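Protein chains: 2
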Amino acid sequence: MDKFQQKKEEIKNAGMKMFAAYGYYKTTLEDIAGVMGMKKNSLYYYFESKDALFKEIIKCEMQTHLEQQNIILLKKISAEDKTVEIVKNFISFIRERSVKFTIRIKSYLEIVKVIKNSRADFDNSECNILSEVLEEGIKNGEFKKINSKQFADDVKMTVESIINNNYIISDAEFVHEINFDEISQSILRIVKFLIEGIKIQDK
Amino acid sequence: MDKFQQKKEEIKNAGMKMFAAYGYYKTTLEDIAGVMGMKKNSLYYYFESKDALFKEIIKCEMQTHLEQQNIILLKKISAEDKTVEIVKNFISFIRERSVKFTIRIKSYLEIVKVIKNSRADFDNSECNILSEVLEEGIKNGEFKKINSKQFADDVKMTVESIINNNYIISDAEFVHEINFDEISQSILRIVKFLIEGIKIQDK
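Read top to bottom, the protein sequences are chains A and B.
The opening residue of the first sequence carries number 1 in the working numbering; numbering runs sequentially from there.
The opening residue of the second sequence carries number 1001 in the working numbering; numbering runs sequentially from there.
One chain only, chain A, in its complex shape (with noise of 0.2 Å):
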């Protein structure tokens, strides 16, 4: 990695660690040079705002999550053992972002938010990879024939608004001190169910 590369990569770091903290809105440009012990013009030489900085943090995360979820497609297990891995991996994805950036909760539930559009892609690449497991069970006698693409997206939504619920009931401060043992299992449990109604049944 240049030079070039390596400040890039500090400056992306600092400015998840104060969007983590402050949110995205109440984080400035200033803030992340101050913190990087660098002159707010001097940033802009690396990013050309905040939003083009956070676009960035997100696409790296995101990019290095697919690529993990794509190995898990060429695996050689079962649909139904893809679509749990798929799931326990994205459930891990959350977790370990979250313990990566010490994030605060009120700052990730607008970061949710912020982040809805700037991740759209990411979240059609996650749900075409599910729904090419599921269309790999379709076609081997596993699962039902469905629409694979809008129960792709239903599984993700419902995994993604389990975990979010819990943080808006959770009286903790930061994400980490979440008991995600007992968030995953709930998850699993619906996951599991729901291949359950799209399995064809032994006879």
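Check each hint, because a few of them may be wrong.
Covered, in the sense of this in silico footprint (three residues per stretch, anywhere, with C-beta under 8 Å from a C-beta of chain A), are these stretches of chain B [what the hints assert, rightly or not]:
1. 1034–1040
2. 1110–1123
3. 1146–1157
4. 1188–1196
Hint data in this document are derived by calculation from the structure and do not stem from the laboratory.
Treat the numbers as computed from the prediction; the structure is a model and nothing was measured.
Each residue gets a CB set at the ideal place from its N, CA and C atoms; glycine is no exception.
Starting from the known structure of chain A, arrange chain B on it as the hints suggest.
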């Protein structure tokens, strides 16, 4: 209804409107007294505290709702249809309250957290109704032998999570601006797959 009761109802209505607009924490008994053209001291004659007033509002709304859920329990339809009707009725309950009280989304998300404890009994009663329907389905051969209490809890939690998540990601200011038909459709798709997952398939 005697005069005392009538006044109490008026205070509850005024209170809920304030809570819906300004949230639980920002609303004071003094504000509510002001809107009612009463002195704060006279208000104490009807409710000993903001918390007591709030709890009574929630209790009332939920009792009406539970009565409706109990009527579904008695219908002469399949356990599957009852499950769907109970979920539909729950969605309508949330939707109607939102319109009735013109709830600001920010207030709603705050209230969800505030009432978490005071509505535990209600949540339990609602889950018991759903779990009774599931037991009925297990007995009459519609459903597989599942942990009906846990499944009922999971279904209720999922439905609520999807509704609340739609509130979080929405750019709307008021709950009634949200497209409830769309939410309702995706919830019902999910619930039908969940039911499919516990159904004994026709051979």
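Here is how each hint holds up against the structure:
1. Under a criterion of three residues with beta carbons nearer than 8 Å to beta carbons of chain A, the stated coverage of the region 1034–1040 of chain B fails, only 0 such residues being counted.
2. Requiring three or more residues with a Cβ within less than 8 Å of a Cβ of chain A, the coverage given for the region 1110–1123 of chain B holds, as 3 such residues are present.
3. Here the region 1146–1157 of chain B counts 4 residues with a CB under 8 Å from a CB of chain A, which clears the bar of 3, and the coverage holds.
4. Counting residues of the region 1188–1196 of chain B whose beta carbon lies closer than 8 Å to any beta carbon of chain A gives 7, which meets the minimum of three for the stated coverage.
Going down the numbered hints, you'll see the structure goes against just number 1.
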